[in-house]
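Colleague: With chain S held as given, fit chain V onto it using these hints.
Given next are the chains, with one letter for each unit.
Number of protein chains: 2
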Amino acid sequence: MALYVLKFGGTSVGSTERIESVANKIIAFREQGHDIVVVVSAMSGETNRLLALAHALDTQPDPRETDVLLATGEQVTIALLSIALQKRGCKARSFTGGQVRILTDEAYTRARIREIDDKRIRQELADGCVVVVAGFQGIDEEGNITTLGRGGSDTSAVALAAALKADECQIYTDVKGVYTTDPRVVEDARLLRSITFEEMLELASLGAKVLQIRSVEFAGKYKVPLRVLSSFEDDPGTLISLEEENEMEAPIISGIAFTRDEAKIVVSGVPDVPGIAYRVIGPVSDAGIEVDVIVQNVSADGTTDITFTVKRADCEQTRQIIGRIAKDVNARDVTVDTKIAKISLVGVGMRSHAGIASKMFKTLADESINIQIITTSEIKISVVIDEKYLELAVRSLHSAFGLAEEGNA
Amino acid sequence: MALYVLKFGGTSVGSTERIESVANKIIAFREQGHDIVVVVSAMSGETNRLLALAHALDTQPDPRETDVLLATGEQVTIALLSIALQKRGCKARSFTGGQVRILTDEAYTRARIREIDDKRIRQELADGCVVVVAGFQGIDEEGNITTLGRGGSDTSAVALAAALKADECQIYTDVKGVYTTDPRVVEDARLLRSITFEEMLELASLGAKVLQIRSVEFAGKYKVPLRVLSSFEDDPGTLISLEEENEMEAPIISGIAFTRDEAKIVVSGVPDVPGIAYRVIGPVSDAGIEVDVIVQNVSADGTTDITFTVKRADCEQTRQIIGRIAKDVNARDVTVDTKIAKISLVGVGMRSHAGIASKMFKTLADESINIQIITTSEIKISVVIDEKYLELAVRSLHSAFGLAEEGNA
Chain S
167 MALYVLKFGG
177 TSVGSTERIE
187 SVANKIIAFR
197 EQGHDIVVVV
207 SAMSGETNRL
217 LALAHALDTQ
227 PDPRETDVLL
237 ATGEQVTIAL
247 LSIALQKRGC
257 KARSFTGGQV
267 RILTDEAYTR
277 ARIREIDDKR
287 IRQELADGCV
297 VVVAGFQGID
307 EEGNITTLGR
317 GGSDTSAVAL
327 AAALKADECQ
337 IYTDVKGVYT
347 TDPRVVEDAR
357 LLRSITFEEM
367 LELASLGAKV
377 LQIRSVEFAG
387 KYKVPLRVLS
397 SFEDDPGTLI
407 SLEEENEMEA
417 PIISGIAFTR
427 DEAKIVVSGV
437 PDVPGIAYRV
447 IGPVSDAGIE
457 VDVIVQNVSA
467 DGTTDITFTV
477 KRADCEQTRQ
487 IIGRIAKDVN
497 ARDVTVDTKI
507 AKISLVGVGM
517 RSHAGIASKM
527 FKTLADESIN
537 IQIITTSEIK
547 ISVVIDEKYL
557 ELAVRSLHSA
567 FGLAEEGNA
Chain V
167 MALYVLKFGG
177 TSVGSTERIE
187 SVANKIIAFR
197 EQGHDIVVVV
207 SAMSGETNRL
217 LALAHALDTQ
227 PDPRETDVLL
237 ATGEQVTIAL
247 LSIALQKRGC
257 KARSFTGGQV
267 RILTDEAYTR
277 ARIREIDDKR
287 IRQELADGCV
297 VVVAGFQGID
307 EEGNITTLGR
317 GGSDTSAVAL
327 AAALKADECQ
337 IYTDVKGVYT
347 TDPRVVEDAR
357 LLRSITFEEM
367 LELASLGAKV
377 LQIRSVEFAG
387 KYKVPLRVLS
397 SFEDDPGTLI
407 SLEEENEMEA
417 PIISGIAFTR
427 DEAKIVVSGV
437 PDVPGIAYRV
447 IGPVSDAGIE
457 VDVIVQNVSA
467 DGTTDITFTV
477 KRADCEQTRQ
487 IIGRIAKDVN
497 ARDVTVDTKI
507 AKISLVGVGM
517 RSHAGIASKM
527 FKTLADESIN
537 IQIITTSEIK
547 ISVVIDEKYL
557 ELAVRSLHSA
567 FGLAEEGNA
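Here the protein sequences come in this chain order: S and V.
Each residue of the first sequence is one higher than the one before, counting from 167 in the numbering used here.
Each residue of the second sequence is one higher than the one before, counting from 167 in the numbering used here.
Extracted from the complex, chain S is given alone in its bound form (with noise of 0.2 Å):
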């Protein structure tokens, strides 16, 4: 008998409707034998609905009472569900992140977990119950309801797995699990069965989001082996876990990841001096704004060029700010790109294998694609192109390394 911690999102429960066929789903997998313990999100639309009744009072509401109401939506999910699993003949019961002590920080609205009690939860399971867990809450050390922040519902559940020692984290979600690339740009995109932590931090983070990236590093610390599989369909969807694959067998590349959404920034000709590079940088930052991409060639003139990435609903903010600063550091010239596109190749495989880069730069210059930026870590390469031959580019990588095909790379 094994202990499964299963975790439907918003759509999966949006409805009365879907709600009692997550609880058929769960009856299903509990008649296996298995120990469960379920986490859900509020209804979708739920938590929007009370953003906006506060909203309505004040358009900054108090942190500590935004917890309080919104800690109401996954609430209603967990009392609805066990009301759903009971009628089926399920026994089950409900629980608030307060009663099953998951102890959280006290930074309302993104609180961060520090601790669970599992007595309780324990308890609950050897008395023959289904459990269900109130995800995205918790209470911090004097009893206030805390939230973890959007997607938290995630969090929550590799949590629980962790505290509890699971033998394994299934998040359900309206997708059937990781694809080596968008399916609406590729269309022979291929789910991918299974993944390594650190290949699903750098694929959910480059925008294939399909789980929380925090849940998947703490999945990854506590060596929680973790699922992603669709609500909607039977299949056994995505493991991501601690182990590689074998080595004979595994692609060398999992996944391209791409996203469009940035802005590049290019502030050229300042003095090549130690610090120019947090002289530039360092305002934007201070301003809150999230710097993805940065790239700072060597310089030959005794001048260089600083390249970053932006959001593009942060571009106007940066130009402003970095205008403000190009006379301080002696720039000859700023310019703005929000035409620009970011690919990128990940997979563990990288690191014993050569020659990935250079085909990938190949692929592309076969099709003519110009490179504006590179920059690589241990698993992944991305480059910044032209944001109208993005489809172009992840269709013809996507078929150079052969991720269509199982096994290949």
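Honestly, the hints are just simulated from the structure, not real lab data.
Among the hints, erroneous ones may be present.
[Said to hold, decoys possible] Which residues of chain S face chain V? A partial, calculated answer using Cβ under 7 Å: (1) Leu-219; (2) Ala-222; (3) Ile-249; (4) Lys-253; (5) Gln-265.
[Claimed, not checked] If you want the ones that stay clear, here's a sample from chain S, every Cβ over 12 Å from chain V, calculated: (6) Leu-367; (7) Ile-379; (8) Lys-389; (9) Asp-401; (10) Pro-440; (11) Glu-456; (12) Arg-485; (13) Lys-505; (14) Glu-553.
Backbone N, C-alpha and C define an ideal beta-carbon position, used for all residues, glycine too.
Modeller: Below, chain V alone, put in the same frame as chain S:
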């Protein structure tokens, strides 16, 4: 500096606009220098919305999970009201029933309060906060969420007032207070400035549904002065307290309650033997039907008539039950009359004043209204009459006892 517990019902907090006006009312009150604890209900309509979700899954949803579900209604309101108060510069903190340890028994959906720990609330008051508490809910000893049943927020407010030894508990509602009778029937019905707990209990249970009966019992037991007043108007409303007004000026009759939702059943010609009343009424009570007035006349010929009233909605079921037992008890006849009304005069002054009953009977006789049943208690006289004379009877009595004039009877 006094300590007040203010309770706002679902209509008073039915929209964000109304929550804002409640916040303004609280702040104005606070500026008089008082410590304030606020108890709120779910926004009007919310409890029914949640129940509809549960009923879509199960016509008889599990009581424990129903309480987890319904408790979210008040939790939303406490957060929103606290946000509105803070927006206006007033320090405020919200608490669920569980957070301030409103400890109840385990009777889900109709739990009774056992104990309240006032420590946390006193801390917050000392810290200069308005304390906003979710009504209607508590937790049992195991930490399960419980609710007190419909109207339970009134009880929460009174219980908190008792635990905190508050100077007054104010129940804000959509009426101005307690009237001498229903203003829709008698145009010059007068708003009572004060009334005793006993009188309020008789008036409330007889149909003037301003306050939940349980909360009045509770307030009487713990000697908490209770005030009913309007959320929407500036008026001191009605004070319900232990003290009878100065006898010299006190009115003998406080009010006239009436109901037309009952039916009368007469079981006539039954043998006048010990146990007969039980044999007739027992099966009706056993079926969960609430029997209101019961009268049995002294017999002359060895037989007697037993007359009782039930809610009209239960009339058909009662008729069937009595039909079955009529033969067993050798009843001569069973008649059912749904066209009746019950009128009650209520007043603690009756205790020390003779002639109230005869004045009542004369007033009705003067209008040629026949009295079908009479019952009396220490502070109440009730009569059952033909329904069509109800308005005429109430108006005549209201006028005969001078209820429209302050301090008269």
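Colleague: Against which earlier hints does the structure fall short, listed by number upward?
Modeller: none
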